[in-house]
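For the record, the sequence lines run as chains A, S, R, X, V, B, C, H, G and U. If you count by the UniProt record's numbering, then the first sequence holds residues 1 to 96, one letter each, in order. If you count by the UniProt record's numbering, then the second sequence holds residues 1 to 96, one letter each, in order. If you count by the UniProt record's numbering, then the third sequence holds residues 1 to 96, one letter each, in order. If you count by the UniProt record's numbering, then the fourth sequence holds residues 1 to 96, one letter each, in order. If you count by the UniProt record's numbering, then the fifth sequence holds residues 1 to 96, one letter each, in order. If you count by the UniProt record's numbering, then the sixth sequence holds residues 1 to 96, one letter each, in order. If you count by the UniProt record's numbering, then the seventh sequence holds residues 1 to 96, one letter each, in order. If you count by the UniProt record's numbering, then the eighth sequence holds residues 1 to 96, one letter each, in order. If you count by the UniProt record's numbering, then the ninth sequence holds residues 1 to 96, one letter each, in order. If you count by the UniProt record's numbering, then the tenth sequence holds residues 1 to 96, one letter each, in order.
Treat the hints as calculated values from the structure; they're not laboratory data.
Here are the simulated BS3-like cross-link-like pairs (lysine-lysine), alpha carbons at most 27 Å apart as the crow flies:
id, chain 1, residue 1, chain 2, residue 2
1, V, LYS24, R, LYS24
2, A, LYS4, S, LYS39
3, X, LYS4, V, LYS4
4, A, LYS4, S, LYS24
5, X, LYS59, R, LYS4
6, H, LYS4, G, LYS39
7, S, LYS4, S, LYS24
8, C, LYS28, C, LYS4
9, C, LYS59, C, LYS39
10, R, LYS59, A, LYS59
11, R, LYS24, S, LYS24
12, U, LYS24, A, LYS24
13, R, LYS4, V, LYS4
14, S, LYS39, U, LYS4
15, B, LYS59, C, LYS59
16, H, LYS4, U, LYS59
17, U, LYS39, H, LYS39
18, B, LYS59, V, LYS4
19, B, LYS59, C, LYS39
20, X, LYS59, V, LYS4
21, S, LYS59, U, LYS59
22, R, LYS28, R, LYS39
23, B, LYS39, V, LYS4
24, H, LYS24, S, LYS24
25, H, LYS4, U, LYS39
26, A, LYS4, S, LYS28
27, H, LYS59, G, LYS4
28, R, LYS39, A, LYS59
Since the structure is predicted, the reported quantities are computational estimates derived from the model, not experimental observations.
Number of protein chains: 10
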Amino acid sequence: MLFKVEMTVRIPHDMPAEVVADIKGREKAYAQDLQQQGKWRHLWRVAGSYANVSIFDVKDNAELQDLISNLPLFPYMDITVAPLCRHPSSIREDDR
Amino acid sequence: MLFKVEMTVRIPHDMPAEVVADIKGREKAYAQDLQQQGKWRHLWRVAGSYANVSIFDVKDNAELQDLISNLPLFPYMDITVAPLCRHPSSIREDDR
Amino acid sequence: MLFKVEMTVRIPHDMPAEVVADIKGREKAYAQDLQQQGKWRHLWRVAGSYANVSIFDVKDNAELQDLISNLPLFPYMDITVAPLCRHPSSIREDDR
Amino acid sequence: MLFKVEMTVRIPHDMPAEVVADIKGREKAYAQDLQQQGKWRHLWRVAGSYANVSIFDVKDNAELQDLISNLPLFPYMDITVAPLCRHPSSIREDDR
Amino acid sequence: MLFKVEMTVRIPHDMPAEVVADIKGREKAYAQDLQQQGKWRHLWRVAGSYANVSIFDVKDNAELQDLISNLPLFPYMDITVAPLCRHPSSIREDDR
Amino acid sequence: MLFKVEMTVRIPHDMPAEVVADIKGREKAYAQDLQQQGKWRHLWRVAGSYANVSIFDVKDNAELQDLISNLPLFPYMDITVAPLCRHPSSIREDDR
Amino acid sequence: MLFKVEMTVRIPHDMPAEVVADIKGREKAYAQDLQQQGKWRHLWRVAGSYANVSIFDVKDNAELQDLISNLPLFPYMDITVAPLCRHPSSIREDDR
Amino acid sequence: MLFKVEMTVRIPHDMPAEVVADIKGREKAYAQDLQQQGKWRHLWRVAGSYANVSIFDVKDNAELQDLISNLPLFPYMDITVAPLCRHPSSIREDDR
Amino acid sequence: MLFKVEMTVRIPHDMPAEVVADIKGREKAYAQDLQQQGKWRHLWRVAGSYANVSIFDVKDNAELQDLISNLPLFPYMDITVAPLCRHPSSIREDDR
Amino acid sequence: MLFKVEMTVRIPHDMPAEVVADIKGREKAYAQDLQQQGKWRHLWRVAGSYANVSIFDVKDNAELQDLISNLPLFPYMDITVAPLCRHPSSIREDDR
Numbered sequence: 001m002l003f004k005v006e007m008t009v010r011i012p013h014d015m016p017a018e019v020v021a022d023i024k025g026r027e028k029a030y031a032q033d034l035q036q037q038g039k040w041r042h043l044w045r046v047a048g049s050y051a052n053v054s055i056f057d058v059k060d061n062a063e064l065q066d067l068i069s070n071l072p073l074f075p076y077m078d079i080t081v082a083p084l085c086r087h088p089s090s091i092r093e094d095d096r
Numbered sequence: 001m002l003f004k005v006e007m008t009v010r011i012p013h014d015m016p017a018e019v020v021a022d023i024k025g026r027e028k029a030y031a032q033d034l035q036q037q038g039k040w041r042h043l044w045r046v047a048g049s050y051a052n053v054s055i056f057d058v059k060d061n062a063e064l065q066d067l068i069s070n071l072p073l074f075p076y077m078d079i080t081v082a083p084l085c086r087h088p089s090s091i092r093e094d095d096r
Numbered sequence: 001m002l003f004k005v006e007m008t009v010r011i012p013h014d015m016p017a018e019v020v021a022d023i024k025g026r027e028k029a030y031a032q033d034l035q036q037q038g039k040w041r042h043l044w045r046v047a048g049s050y051a052n053v054s055i056f057d058v059k060d061n062a063e064l065q066d067l068i069s070n071l072p073l074f075p076y077m078d079i080t081v082a083p084l085c086r087h088p089s090s091i092r093e094d095d096r
Numbered sequence: 001m002l003f004k005v006e007m008t009v010r011i012p013h014d015m016p017a018e019v020v021a022d023i024k025g026r027e028k029a030y031a032q033d034l035q036q037q038g039k040w041r042h043l044w045r046v047a048g049s050y051a052n053v054s055i056f057d058v059k060d061n062a063e064l065q066d067l068i069s070n071l072p073l074f075p076y077m078d079i080t081v082a083p084l085c086r087h088p089s090s091i092r093e094d095d096r
Numbered sequence: 001m002l003f004k005v006e007m008t009v010r011i012p013h014d015m016p017a018e019v020v021a022d023i024k025g026r027e028k029a030y031a032q033d034l035q036q037q038g039k040w041r042h043l044w045r046v047a048g049s050y051a052n053v054s055i056f057d058v059k060d061n062a063e064l065q066d067l068i069s070n071l072p073l074f075p076y077m078d079i080t081v082a083p084l085c086r087h088p089s090s091i092r093e094d095d096r
Numbered sequence: 001m002l003f004k005v006e007m008t009v010r011i012p013h014d015m016p017a018e019v020v021a022d023i024k025g026r027e028k029a030y031a032q033d034l035q036q037q038g039k040w041r042h043l044w045r046v047a048g049s050y051a052n053v054s055i056f057d058v059k060d061n062a063e064l065q066d067l068i069s070n071l072p073l074f075p076y077m078d079i080t081v082a083p084l085c086r087h088p089s090s091i092r093e094d095d096r
Numbered sequence: 001m002l003f004k005v006e007m008t009v010r011i012p013h014d015m016p017a018e019v020v021a022d023i024k025g026r027e028k029a030y031a032q033d034l035q036q037q038g039k040w041r042h043l044w045r046v047a048g049s050y051a052n053v054s055i056f057d058v059k060d061n062a063e064l065q066d067l068i069s070n071l072p073l074f075p076y077m078d079i080t081v082a083p084l085c086r087h088p089s090s091i092r093e094d095d096r
Numbered sequence: 001m002l003f004k005v006e007m008t009v010r011i012p013h014d015m016p017a018e019v020v021a022d023i024k025g026r027e028k029a030y031a032q033d034l035q036q037q038g039k040w041r042h043l044w045r046v047a048g049s050y051a052n053v054s055i056f057d058v059k060d061n062a063e064l065q066d067l068i069s070n071l072p073l074f075p076y077m078d079i080t081v082a083p084l085c086r087h088p089s090s091i092r093e094d095d096r
Numbered sequence: 001m002l003f004k005v006e007m008t009v010r011i012p013h014d015m016p017a018e019v020v021a022d023i024k025g026r027e028k029a030y031a032q033d034l035q036q037q038g039k040w041r042h043l044w045r046v047a048g049s050y051a052n053v054s055i056f057d058v059k060d061n062a063e064l065q066d067l068i069s070n071l072p073l074f075p076y077m078d079i080t081v082a083p084l085c086r087h088p089s090s091i092r093e094d095d096r
Numbered sequence: 001m002l003f004k005v006e007m008t009v010r011i012p013h014d015m016p017a018e019v020v021a022d023i024k025g026r027e028k029a030y031a032q033d034l035q036q037q038g039k040w041r042h043l044w045r046v047a048g049s050y051a052n053v054s055i056f057d058v059k060d061n062a063e064l065q066d067l068i069s070n071l072p073l074f075p076y077m078d079i080t081v082a083p084l085c086r087h088p089s090s091i092r093e094d095d096r
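The task is simple: from the sequences and hints, build the whole structure.
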């Protein structure tokens with residue numbers, strides 16, 4: 001089941017550089033692990049911003065909440081979610 | 001080059017049913033042709049709405065404008081566009 | 001799987017009264033049928049408005065889209081959707 | 001008398017972890033007590049966020065204010081309230 | 001129980017003058033009747049607009065919905081509602 | 001001359017508790033004094049918030065500015081103002 | 001007593017040209033009469049728009065409402081109002 | 001003197017095709033004439049929309065108003081204006 | 001050439017009182033000097049706020065930028081600007 | 001390929017003056033270097049603000065992201081991006 005997730009990062013200006021680096025490092029590892037598992041299907045940078053557009057593929061809303069709330073950057077992001085499904089004009093049964 | 005395109009359809013309430021049917025028929029054929037060509041990479045319905053989230057793959061901004069402005073439903077949609085590029089945490093060189 | 005759905009009705013002022021009555025009649029029958037099936041778990045009027053707050057219980061996003069897009073009033077409503085899941089402070093395993 | 005209450009938590013980034021833990025612990029106990037009393041009828045997490053959708057069942061506006069303003073997280077939340085009542089298409093006399 | 005209600009009138013430009021006059025006449029009679037009953041406690045014009053600020057005094061949310069949805073101008077107004085209660089700095093037990 | 005004034009309190013999270021208590025104490029005394037004088041005609045809490053809806057009765061805009069800008073909480077509130085006057089459907093010559 | 005009033009004109013596209021011309025003619029005469037009386041102190045066009053910024057000088061809110069609601073274009077304008085008073089840094093006692 | 005002007009076209013759906021064609025033809029001629037005169041310095045399409053971003057070079061605000069209000073599409077566009085001037089980091093004295 | 005400028009002051013809560021006093025003192029002197037020169041034509045307080053509505057009279061956009069960016073409170077204000085010109089219904093050739 | 005980029009600077013009030021000066025110095029050098037290369041085609045100050053309107057000329061979205069995210073002021077700016085292309089009414093094949 002697919003969800004579009006958009007995340008905009010807002011790191012506090014007074015956070016120490018090494019703390020930021022640590023969080024970003026864990027964020028990257030976590031994001032890549034979820035991509036390897038096929039749960040984070042797409043991950044794009046929005047050009048000109050510190051934001052991304054993502055497609056998550058989860059079994060239900062609870063898993064979506066679990067994956068997103070465990071993002072190391074979760075406390076420092078504005079996040080919007082939209083549930084997706086097959087479009088009647090799509091040429092694919094299961095567009096991933 | 002990828003763009004996220006979001007379209008919300010707002011057909012005027014007083015448009016005759018056969019005109020609506022004709023426009024929707026041409027919209028579907030057009031959308032499927034662009035998908036076949038690989039230019040309309042993804043097309044999802046936003047659940048609970050008459051809207052879609054799409055990923056276009058075009059060679060430049062001019063082609064994006066050409067493809068979108070020729071949509072049969074173009075005069076009846078609210079459309080937003082965001083340029084995308086590779087995310088540094090993506091596990092794929094070219095995430096499509 | 002639960003979703004909060006909020007619907008605000010905006011019937012065009014020039015729609016003939018008998019057409020409005022017919023649509024509302026079918027909307028009511030449809031809403032009550034879905035409630036009987038347990039798919040439309042809660043349906044409340046927002047006091048002072050022509051709007052409702054609803055909780056849908058569906059198996060996936062596709063069923064949510066199917067149920068909502070078949071509402072007789074669908075073309076005449078502003079609709080927002082939010083995916084819900086269990087809250088860690090809830091005293092019920094499955095709050096319906 | 002029912003109210004939909006939506007709460008989004010915004011804890012200041014520089015609040016010490018033990019203070020946060022204390023407030024969250026008291027918030028959970030308080031929320032569960034109100035649920036046990038039947039005043040906090042429903043409590044759902046909005047998937048992908050640090051927010052909830054709740055249904056309160058109170059005897060009047062003053063009790064609503066009393067319950068909400070005593071939430072331990074009250075100073076750190078954006079809160080919206082909507083008064084609810086029976087929907088004419090509801091199949092239940094008193095939808096809780 | 002008090003509610004602040006704000007109403008902005010938006011009469012369609014193509015509504016015949018005699019229909020408008022009839023609706024406004026019934027609206028005025030209805031508003032004055034509710035004021036006589038003490039249910040519409042205050043009614044002020046917002047200077048420079050076709051809008052009002054009102055205070056309703058009702059026994060519960062259901063009565064509020066009943067009173068507002070029966071306004072003859074109801075289909076032609078944008079309406080917002082806020083539940084009120086005693087302010088701890090008010091010098092009156094029951095500020096009406 | 002009446003004005004509707006809405007105030008939402010936003011006290012900085014790092015303000016010392018005794019400073020907050022002092023400001024709130026002076027705010028309450030000031031609000032009660034203005035009510036005694038008849039200049040702050042109504043003061044209601046918006047249920048579920050740290051906000052109020054007020055009706056001020058002043059001789060002109062300058063007095064409104066004077067009264068509001070001297071509120072001890074003035075630097076910590078979002079404030080909106082709307083000028084009011086008699087509504088043609090009001091049953092009272094001077095609705096206070 | 002001064003008020004800033006901003007008006008944006010939105011004439012319906014299907015209004016007959018001679019009706020529009022008549023309304024505009026009466027609007028101009030009305031605006032010039034109020035300027036002659038000193039009640040409409042300033043009237044500027046916002047460059048690049050069909051909108052104006054105005055300063056009204058009235059004896060109270062009721063007169064402001066009277067003057068604005070009698071504008072021939074009143075039903076076809078979005079209007080915002082802000083009460084003004086002397087600024088402590090103004091070099092004039094009564095800045096008109 | 002430069003201004004950024006953004007225009008979004010919203011042609012009413014029920015305008016006859018030949019009227020639309022006539023207006024668009026005159027708009028194009030007008031836009032090209034102003035470009036030839038150097039007053040409409042830049043004109044770009046926003047990709048994926050029926051909108052443009054323009055740079056006007058005029059002698060004062062009055063000329064800006066004159067040029068924009070005479071656009072054949074003026075009654076059918078949402079227009080925003082921002083005054084521009086030399087940026088201290090620009091490498092050109094007069095960036096056109 | 002006239003511009004409407006609206007400024008809302010947002011001084012950080014943790015700025016030392018003597019720094020605030022110094023900035024405000026310089027702001028007042030600067031504002032009065034520009035009024036004496038005739039460049040800051042009007043300066044009004046918006047009643048019930050820490051904001052003003054001003055009319056600047058400058059020779060071009062560059063001078064507007066120069067005057068505004070040198071305001072001692074410039075870093076602590078939200079500022080909006082609108083270019084003004086003669087209104088065709090104004091009774092004055094040069095409404096100042 | 002052209003993009004309109006709008007940047008509003010929001011430097012934290014508590015950043016030390018010498019840090020600010022250093023960032024601004026590097027920002028200016030960076031901006032001038034990109035202008036020399038022809039990648040930052042236009043750079044204008046929005047009069048009355050700490051903001052700019054820019055036109056970037058890049059080979060694709062990835063280069064846009066690269067140029068913008070390396071701005072020394074990037075963490076302290078609100079940035080919006082719009083893809084541009086040739087307007088059919090433009091008199092230039094390649095309006096730069």
